[in-house]
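Peer 1: Could you build the full structure based on these sequences and the hints that come with them?
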Amino acid sequence: MTRCWIVSALLMAAIAGCGKEEPPAAPPADTPALPSAADEAKAKQEADQRRKQFYGDGKSRYTPQDVQGF
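With mature numbering (1 follows the signal peptide of the UniProt record, and there is no 0) applied, the sequence shown corresponds to residues -19 to -1, 1 to 51, in that order.
Incorrect hints may appear among the rest.
Just the calculated beta-carbon pair ranges, DEER-fashion [stated by the list, open to error]: (1) A6 - A28: 21 to 31 angstroms; (2) Q30 - A6: 31 to 41 angstroms; (3) P16 - W(-15): 30 to 40 angstroms; (4) A24 - D47: 57 to 67 angstroms; (5) E2 - Q30: 40 to 50 angstroms; (6) D11 - R32: 28 to 38 angstroms; (7) A10 - V48: 52 to 62 angstroms; (8) E2 - T44: 53 to 63 angstroms; (9) E3 - A28: 33 to 43 angstroms; (10) A(-11) - K23: 37 to 47 angstroms; (11) P4 - R31: 31 to 41 angstroms; (12) A6 - Q26: 28 to 38 angstroms.
No lab work stands behind these hints: they were computed from the structure. No experiment lies behind these values; they were computed from the predicted model shown. Idealized CB from N, CA, C, for every residue including glycine.
Peer 2: Okay, structure coming up:
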């Protein structure tokens, strides 16, 4: 009987502790919240270069070729 009270008390304590939420950690004060315009321009330029490298000018067409040997 004593074990039942202990188990139920532990269960209630665990349930009571589950509802508590901690506030999210604040970002460090020395980091800017938003990227600067120069950073955004650099990121856009790098993305455009990467897009050109992998996709070309966008005018090419995919032509399926028959694959022999499979």
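Peer 1: Each hint: holds or not?
Peer 2: So, going through the hints one by one against the coordinates:
1. A6 - A28: 21 to 31 angstroms: This hint holds: roughly 30 angstroms between Cβ atoms.
2. Q30 - A6: 31 to 41 angstroms: With a Cβ separation near 35 angstroms, Q30 and A6 satisfy 31 to 41 angstroms, so the hint holds.
3. P16 - W(-15): 30 to 40 angstroms: Cβ of P16 to Cβ of W(-15): about 58 angstroms, so the range 30 to 40 angstroms is violated.
4. A24 - D47: 57 to 67 angstroms: 41 angstroms, violated
5. E2 - Q30: 40 to 50 angstroms: About 44 angstroms separates the Cβ atoms of E2 and Q30, which means 40 to 50 angstroms holds.
6. D11 - R32: 28 to 38 angstroms: 33 angstroms, holds
7. A10 - V48: 52 to 62 angstroms: 58 angstroms, holds
8. E2 - T44: 53 to 63 angstroms: 57 angstroms, holds
9. E3 - A28: 33 to 43 angstroms: 36 angstroms, holds
10. A(-11) - K23: 37 to 47 angstroms: 59 angstroms, violated
11. P4 - R31: 31 to 41 angstroms: 38 angstroms, holds
12. A6 - Q26: 28 to 38 angstroms: 33 angstroms, holds
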